[in-house]
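Note that the protein sequences, when read in sequence, are chains A and B.
0 is the number of the first residue of the first sequence in numbering that gives the first Met the number 0; add one for each residue after it.
0 is the number of the first residue of the second sequence in numbering that gives the first Met the number 0; add one for each residue after it.
Everything labelled a hint here was simulated from the structure, so no lab data went into it.
C-beta atoms are modelled at their ideal positions from N, C-alpha and C, and glycine is treated no differently.
Some hints here could point you the wrong way.
Stated by the list, open to error - Now the in silico label distances, taken between C-beta atoms and shown as ranges: (1) B:D160 / A:Y280: 22 to 32 Å; (2) B:T83 / A:I299: 53 to 63 Å; (3) A:L3 / B:E78: 31 to 41 Å; (4) B:D265 / A:W192: 44 to 54 Å; (5) B:T83 / A:F319: 50 to 60 Å; (6) A:T315 / B:R106: 25 to 35 Å; (7) A:D360 / B:E78: 12 to 22 Å; (8) A:R367 / B:R161: 22 to 32 Å; (9) B:T256 / A:R183: 24 to 34 Å; (10) B:D28 / A:Y284: 39 to 49 Å; (11) B:L242 / A:Y284: 29 to 39 Å; (12) A:F264 / B:Q38: 54 to 64 Å; (13) A:F264 / B:D160: 36 to 46 Å.
Chain residues, written in single-letter form:
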Amino acid sequence: MSVLLVLLIVFGIGIVGFFIGRQRASARETGEVKVHSRAYYHGWWVFLVSVLPAVLFIVLWSAGSSIYLERSAQASLPAQTAESAVASRGLALSMVRGIATGLDRLDAQELQNLPQSYADLRSLLGSKGVALASEGQDYMVPIAERWHSQAATARTIGAGLAIALAVAGVIFGLSGIHPRARARNNVERIVLWGLLAASTIAILTTVGIIFSMLFQTINFFSVVSPWNFFFGTVWDPRFADAGSGGSQGQFGLIPLLAGTLYIAFVAMLFAVPVGLFAAIYMAEYATPKVRATVKPLLEILAGIPTIVYGFFALVTVGPFLRDLSAAISGGGGFIMAQSVLTAGLVMGIMLIPFVSSLSDDIITAVPRAMRDGSLGLGATRSETIKRVILPAALPGIVGALLLTASRAIGETMIVVLAAGVAARLTVNPFEAMTTITVKIVNQLTGDLEFNSPQTLVAFALGITLFFLTLAMNIFALYIVRKYREQYE
Amino acid sequence: MNLMTERSLEKAVGDKMNAVASTNKMKGDKVSVFYGAKQALFDVDLDIPEKMVTALIGPSGCGKSTFLRSLNRMNDTIEGCRVTGQITLDGEDIYDPKIDVVELRARVGMVFQKPNPFPKSIYENVAYGPRIHGLAKSRHELDEIVESSLRRASLFEEVKDRLHDAGTGLSGGQQQRLCIARAIAVSPEVILMDEPCSALDPIATAKVEELIDELRQNYTIVIVTHSMQQAARVSQKTAMFHLGNLVEVGETEMMFTTPKEKRTQDYITGRFG
Ligand SMILES: Nc1ncnc2c1ncn2[C@@H]1O[C@H](COP(=O)(O)OP(=O)(O)OP(=O)(O)O)[C@@H](O)[C@H]1O
Ligand SMILES: [Mg+2]
């Protein structure tokens, strides 16, 4: 019996339990005693008591049995010898596992007279659509066969136990039904635990990400000193030969950080005024009809994948700026096709909807009473916006801008295509610079071996970027929260 | 029906003398207001006498605020709101396209039901209007306007040491007086007040009422209120609205002692609302 089927049966039992429980509970509502919980809470309680333990059991049982089966199969593998056709024990084990799962496809008849040589079995399974590696050995067949039959037994036992558990749960749940039973509180508590588990997963993932980067970063810093990384002004890992002792690559963060911040700055320079003015227009001037069309349209911009912005920068904006500068100077263009300006401009376009949408929400959150108060004194609309609404919304807007800036700093695809790869320190926005994200992509593409500083540096860069944006987000949230308190 | 104290009765008698001599500052002629397709006011004819307090009373939703807002065109800020009929200020039609709304609102100021100081300092709150309209030529003059406005709103003594603290940090009653000071600071001719005391405690209410009585010397005041006592205490003329219609209008004293309409009497005595 497959796990899916067992799950379905368990759920079926739970649902039946739900209906019986609900029906029983409502039958008990005679009116003599004041009932504690509504009937459907009793139903839910029966459902949860029968399904949750059974599902938990299924999970544990299948994990436990597969670990056990793998252990015993591993034990029965012959000792690895130099002449073995298979490179390692691990590989042999995974081949056995492959055969064992393949055997699922065969019917009882075929299993009865299973071919004992690997080659025959391989062609048999091949005819069923299961592809096996060619270098398998005959000794694997009996082991796989035993694995397969034991797994089937384990599954059957597990299924029986799970179903029994579900039925027992229903009986237990039903036996607890009486008018004063606190089914509602029990159900609420389980719901609470469920919600808690969901949010814990999100947090644990973040922690997991940090740790996975942290260990690699520590490895990296055991080769390159943090001082050289954080304060080095030269980025030149390519030609370094890590193994040859004396000459190490140079992993200076400064040029990348400068490029990141510079491009983000140019992007914000472009996105902030446009986005803010768009937000003011939408919040204060646009009629509801216009607003209802313009706002979603702007938000479509936010839905365009950034790689598409990257194309746009690479094939349209970059060449356009280059040709434009050539036309202006009359000779060679002073703007390179890949430049800080190109990347910043396109990234700015990408950021407009973020700025405008967030600011729009913040501006409309300024109470109407503020507007009326100002208009009632004979202020014009623009005076009202300038002197009352924007100052009141300012902390929120600053928070929104910080959130946007942290997006700009973490943005990858646009800069990969539009900013260039040259790690240079320059103040000329018409030249190419590169960013932290671009270098992470560079260091991690191609043939990889996760023990040279050339690749490990990507993790150090990643964690730097992570903390940079984390700090900005926390600061932004702090400001936004403070702003909320103002009206409460 | 003995809603009026002796004192206010005396006052009302005195006011009656003034009322005869007074001219009308604003005139409403067949004013109808629509919110989209829904009509909220039906052909209201109501005159606002100069340098007097006119009270608008009536059950909730009867259109008092709507009428008040049409007097300084604050209805313009509401989407889909339309006003027909004629409203004049000193004989000038305020809905005439040639009229500058901004200028109109400077002449007809407004105080709202909920105190709504700007999130700025007390000083900046009061200085806001004069700054916008360029009423002060120097910093010194601005200081004077702020001080005299606060004084007239009888708030100055309480806040003189913290003029540069946030206006939102004041108590509800102080905030409302701050809003009145803010309205006075632009030297309006008419002040509209929409339930200015509904968020205030009795003591703060008494202060604001006292203030309204003083302001009457210089300003024309229209006040919306749900308190019959308040209407009786502060106003000289009362208009009773019901379901978007003007039911009855007359001198406050008359309205509260011998109302002509049954509906007015029922409302004043609290038999419906
Ligand atoms: N912005 C608006 N949009 C649509 N209808 C409105 C709007 N403002 C008021 N109305 C309607 O117009 C009618 C009159 O409302 P108004 O606010 O003038 O009543 P009111 O007499 O001031 O009541 P209250 O004493 O409760 O303040 C009500 O039926 C109300 O629902
Ligand atoms: Mg009202």
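Outcome of range test on Cβ distance (F264 of chain A, Q38 of chain B; 54 to 64 Å): Distance hint for F264 of chain A, Q38 of chain B holds at roughly 56 Å.
CB-CB spacing for Y284 of chain A and L242 of chain B relative to the 29 to 39 Å hint: holds, 35 Å
Distance restraint hint 22 to 32 Å, applied to the beta-carbon atoms of D160 of chain B and Y280 of chain A: Check failed, 42 Å falls outside 22 to 32 Å.
Range hint 31 to 41 Å (beta carbons of L3 of chain A and E78 of chain B) holds or violated: Violated, at about 55 Å.
Satisfaction of the hinted span 22 to 32 Å by the C-beta atoms belonging to R367 of chain A and R161 of chain B: holds, 28 Å
Status of the given 24 to 34 Å range, CB of R183 of chain A versus CB of T256 of chain B: violated, 60 Å
C-beta pair T83 of chain B, I299 of chain A: status relative to the range 53 to 63 Å that was hinted: Because 41 Å falls outside the window, the suggested range is violated.
D160 of chain B and F264 of chain A - C-beta distance against the hinted 36 to 46 Å: holds, 44 Å
D28 of chain B paired with Y284 of chain A, Cβ distance criterion 39 to 49 Å: Violated - the Cβ-Cβ distance for D28 of chain B and Y284 of chain A, about 32 Å, lies outside 39 to 49 Å.
Supplied distance hint 12 to 22 Å, evaluated on CB atoms of D360 of chain A and E78 of chain B: 19 Å Cβ-Cβ, so the 12 to 22 Å window holds.
T83 of chain B paired with F319 of chain A, Cβ distance criterion 50 to 60 Å: The hint (50 to 60 Å, Cβ to Cβ) holds, given that T83 of chain B and F319 of chain A are roughly 55 Å apart.
Beta-carbon spacing of D265 of chain B to W192 of chain A - inside the hinted bounds 44 to 54 Å or not: Between D265 of chain B and W192 of chain A, where Cβ atoms are some 59 Å apart, the hint is violated.
Violated hints for the displayed structure, listed by number in ascending order: 1, 2, 3, 4, 6, 9 and 10.
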